[in-house]
Amino acid sequence: MEGAKANTGGLSGWLEERLGLSAIREFLAHKTVPVHSGTMWYYFGGITLFLFVIQVLTGILLLLYYRPTTTEAYESVQFIVTRVQFGWLVRSIHSWSANLMIFTAMVHMFSVVFLRSYRRPREVTWLSGIALLCLALGFGFSGYLLPWNTISYFATKVGTDMAASLPGIGPALARFLRGGEDVGGATLTRFFGFHVAVLPGLTTVLLLVHLILVQKQGISSPPWVERKFQAQGGKAPQMPFFPNFFLREMMAWYAALAVLGSLAAIFPWELGEKADPFASAPAGIRPEWYFLAPFYTLKLIPSHVAFLEGELLGLLGFGLLAVFWILLPFWATNRQGMERTRLVTGAGVALLAYLATFSLLGYYK
Amino acid sequence: MIRRPALLLLFLLPVAAPAKDSCVECHTAMESAPALKFSKDVHQRRGFSCADCHGGDRNADDQDAAMSKAKGFRGKIARAAVPQLCAHCHSDANLMHKYMPQQRVDQYELYQTSVHGKRIASGDGAVANCVDCHSVHDIREVKDPQSPVHPLRLPETCARCHADAAHMAKYKIPTNQFEEYRKSVHWAALAQRGDLSAPSCASCHGNHGATPPQVSSVAAVCGNCHALVEDLYSKSPHQPAFAAMGAAGCVTCHGNHGVRLPSSAMLAGDKSVCAQCHTADSPEGKAAVEMAGMINGLNAALKNSDQVLRQAASSGMEVSEAMLRQQEAHATLVKARVAVHAFRVTAVSQLAQSGLAAAAETRRAGENALKERDYRRMGLGVALLAILATMAGLWLALRAIERPPQAPAGAGRR
Amino acid sequence: MITERRNLIRTLLGGGFVASLAAFLYPVIRFMNPPSVSEASVNEVPGGKIQDLKPNSGKIVKFGNRPVLLVRVSETEWRAFSAVCTHLNCTVQYQEQRRQIWCACHNGFYDLNGNVVSGPPPKALDEYVARVRGDEVVISRRA
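Chains E, U and W supply the protein sequences, listed in that same order. For the first sequence, position 73 matches number 72 in numbering that gives the first Met the number 0, and the numbering has no gaps at all. For the second sequence, position 83 matches number 82 in numbering that gives the first Met the number 0, and the numbering has no gaps at all. For the third sequence, position 59 matches number 58 in numbering that gives the first Met the number 0, and the numbering has no gaps at all.
Treat the hints with care, as some may be off.
As the list claims (entries may be wrong) - Sample of chain W residues at the chain U side, in silico, Cβ under 10 Å:
#: 1; residue: R4
#: 2; residue: L7
#: 3; residue: G13
#: 4; residue: G14
#: 5; residue: F16
#: 6; residue: A22
#: 7; residue: L87
#: 8; residue: R98
#: 9; residue: H105
#: 10; residue: N106
Said to hold, decoys possible - With a straight-line cut-off of 30 Å between C-alpha atoms, the simulated BS3-like cross-links for lysine-lysine are:
#: 11; chain 1: W; residue 1: K58; chain 2: E; residue 2: K273
#: 12; chain 1: U; residue 1: K142; chain 2: U; residue 2: K36
#: 13; chain 1: U; residue 1: K285; chain 2: U; residue 2: K270
#: 14; chain 1: E; residue 1: K215; chain 2: E; residue 2: K227
#: 15; chain 1: U; residue 1: K142; chain 2: U; residue 2: K97
#: 16; chain 1: W; residue 1: K58; chain 2: W; residue 2: K122
#: 17; chain 1: E; residue 1: K273; chain 2: E; residue 2: K156
#: 18; chain 1: U; residue 1: K39; chain 2: U; residue 2: K142
#: 19; chain 1: E; residue 1: K273; chain 2: W; residue 2: K122
#: 20; chain 1: U; residue 1: K171; chain 2: U; residue 2: K182
#: 21; chain 1: E; residue 1: K234; chain 2: E; residue 2: K30
#: 22; chain 1: U; residue 1: K142; chain 2: W; residue 2: K122
#: 23; chain 1: U; residue 1: K182; chain 2: U; residue 2: K169
#: 24; chain 1: W; residue 1: K48; chain 2: U; residue 2: K234
#: 25; chain 1: W; residue 1: K61; chain 2: E; residue 2: K273
#: 26; chain 1: U; residue 1: K302; chain 2: W; residue 2: K61
#: 27; chain 1: E; residue 1: K273; chain 2: U; residue 2: K302
#: 28; chain 1: U; residue 1: K39; chain 2: U; residue 2: K75
#: 29; chain 1: W; residue 1: K48; chain 2: W; residue 2: K61
#: 30; chain 1: U; residue 1: K117; chain 2: U; residue 2: K142
#: 31; chain 1: U; residue 1: K75; chain 2: U; residue 2: K169
#: 32; chain 1: W; residue 1: K61; chain 2: U; residue 2: K334
#: 33; chain 1: U; residue 1: K70; chain 2: U; residue 2: K19
#: 34; chain 1: U; residue 1: K234; chain 2: U; residue 2: K285
#: 35; chain 1: W; residue 1: K58; chain 2: U; residue 2: K334
#: 36; chain 1: U; residue 1: K182; chain 2: U; residue 2: K70
#: 37; chain 1: W; residue 1: K122; chain 2: U; residue 2: K182
#: 38; chain 1: W; residue 1: K122; chain 2: U; residue 2: K334
#: 39; chain 1: E; residue 1: K273; chain 2: U; residue 2: K370
#: 40; chain 1: U; residue 1: K75; chain 2: U; residue 2: K117
By construction, these hints were calculated from the structure, which means they are not laboratory data. All residues carry an ideal CB built from backbone N, CA and C; glycine is no exception.
With the sequences and hints as input, model every part of the structure.
If you want it as structure tokens, here you go:
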């Protein structure tokens, strides 16, 4: 270690030797982002990341006071909201940010579909992104129960009931999720564990994979932009990631922060009534908005279709749909390497239309 | 000659009852009303039959034999004879015990002490006997909502006679009790809230021993439910004064059948009941006005706090604790209203003050919540300003970076 | 001109960044500061020392925002009920002579299981759990 002093002096030199920052600086200097009419959609991945960071920070803060037992969960959240200084803000931001994050993640996913960024060699990036979305939904489902209020209690009951109707593994899966035969204290403990330990761990790993892949492969530009400039014999225009794109991303983050703060301050997230497992389910039980479309679809399916149970049929349908969607990069090009442009666009528009209409129907009916 | 068609019919009828009952069989075939109604009668369910009241032989197929005087056939029962007939079984503890061990057997005894019973004994057949209230041939248990003596139907049943001016003419008693009662707070509790414990006629007048409460016992009657008020009243200066005057306690101020929801308007103003005896400038009149003022003041303060709390709650603030405190304050108002019956200003003022203190506290809580809301919005405004400034800075910085290098710096733009 | 502009950008960026950081950190620091009332739950309240309540007597204990009637039935048996009468929300009390719970407002009586014995109350009183821990009685909600 003594000999190291011989190197360039000063703090930057000291740090450089130990951390090798110049490599990162070098990498950033060469990283570029394509410029075209759809560049704005590139910000949504970053916004989702930003909201995730906010979730981690506010989540850690909430952990200072939250208690995951049936007797104390509701009271501790009430305590946070009423007694702890700025507790209302932290809790409201955590809830609002969770919802915005799912929303921006979905925007990000659909922009990837419509800008065709899933193409070779980015299939694994797509898969990791889908997995991250599933994890985000898992965060939403497990976090919804934690305040232990009436609506979340019954929504969890309904949700785990659906899992139970899966063929074969259903009952075992429901038992695993609930930590017993019914939703209760064991479920709360479990969901808390999932929410603050299991899911964050998995998400961190997958997020790293996702980000490394994006850095490794660069940001994709849509095929029509590439074709246009290839025909002209040049390359599609790019902007430097740092500072040009980064400053714009910062603006997007600040805008997200402003929206988040306003929502939290003007529409504080409600706490509702404490859950009573012996009470009958109140009218109008519905899950969070991002589960509304499948929830409403299942409600529409008759209880028996041919020899199959309606719910089972619905779940099988969703399963097939999910597999179809997950495998999108693999069927988007045919054997000859030609892109099935219309099919992908059609599928994307159809899914978007289905989610939008059924969510609205589920909300208003 | 008559016997044959009856017998023929007998064969045509499906025999449902386990025991033979020729009375019901024939009279049902004749479609006579009593026989048709009897299937709904509680006595029928317990195995009793026509013959148990009307005499005769239910086993005889022959009409003459079945209704022969020799078998004790009595035919139509005279009105005046009804109570004794019912009492034959209902006053027999040994018999009643076989069917309803908890049922009382003193109804007839009580009936004899009632105004109805005394009149019937003196030969007035127009007064109510058992079947006038309990119905006849389709007698149901009191707890059956279709019984005419079920709490919800009792007032109408009494009113059948007592609201009939022609019927009541010779007794020279008023006929407006039913009309009044239907305006009362008691009827509202019974009919609208469905509180079957709320009083109807029999709750105050008794049922079988129906008598108007004596002047001296009115307070005791009301005190059956309004125990606290009775307690305060009986210790108050009004009790001996009313007793000396021959005034009937509670009724003096509240009325009897048409008891309305009391309000502070009974104490002060032109509807004051106190003014019946006390002039407005007497010490008592002044005390009444003072008590009314306290109650009104507390009421107004509570309404005020309610409004502030509602406003805070509707703008998303958490005020559930203050709301609970507010409930307690509302209970104090109820207690203060009860305390009026001590007819001492201090009794009311103590409660009114604690209620006012609570109302002030909840009001403050509500106002603080509203202040907190404004503070939050201001904080948000400041934060938004900082965010906007940063965004503007970012935007300008971007413009500075991306400005085409050949363009003259800052020319005509800022 | 350029320096002016650069100064403006620097002020906006620097000032805005610092201010927004402050707007973020201020609530966080206040949040982490423990509030004066450090207990969240009202699931259990102490009902006082054993020797303070004689057998066959009762007293009102505040349970959160609600009153609870704690009754010492015998030397060793304790019971607790919601003290809010189910009729018109008056506070009930224990009557030693009758060994019953009494509501003074309309003369309603409940037995020592909380069930209505007589009077206007439409339904039974909610029962709480009373347990002896050391020399203290502890009242808790029924799970």
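Given the hint that K273 (chain E) pairs with K302 (chain U), does the C-alpha gap stay at or below 30 Å? holds, 28 Å
Satisfaction of hint between K273 (chain E) and K58 (chain W), Cα-Cα up to 30 Å: Holds - the C-alpha atoms of K273 (chain E) and K58 (chain W) are around 28 Å apart, at most 30 Å.
Should the hint that G14 (chain W) touches chain U count as held when the rule is a Cβ pair under 10 Å? holds, 6 Å
What's the verdict on K215 (chain E) and K227 (chain E), does the C-alpha distance respect the 30 Å limit or exceed it? Satisfied, since the Cα-Cα distance of roughly 25 Å is no more than 30 Å.
Satisfaction of hint between K273 (chain E) and K61 (chain W), Cα-Cα up to 30 Å: Roughly 20 Å between the alpha carbons, so the hint for K61 (chain W) and K273 (chain E) holds.
Given the hinted pair K39 (chain U) and K142 (chain U), is their Cα-Cα distance within 30 Å? holds, 14 Å
Given the hint that K234 (chain U) pairs with K285 (chain U), test it: the Cα-Cα distance must not exceed 30 Å. holds, 21 Å
If you draw a straight line from the CA of K48 (chain W) to the CA of K234 (chain U), is it 30 Å or shorter? violated, 37 Å
So if I understand the rule, the pair passes when the alpha-carbon distance is 30 Å or less; does K39 (chain U) with K75 (chain U) pass? holds, 20 Å
Does K273 (chain E) pair with K156 (chain E) here, judged by a C-alpha cut-off of 30 Å? holds, 15 Å
CA of K273 (chain E) to CA of K122 (chain W), is that 30 Å or under? holds, 23 Å
Given the proposed pairing of K122 (chain W) with K182 (chain U), does the C-alpha separation stay at or below 30 Å? Satisfied, since the Cα-Cα distance of roughly 27 Å is no more than 30 Å.
This entry does not satisfy hints 8, 24 and 36, going by the numbered hints stated previously.
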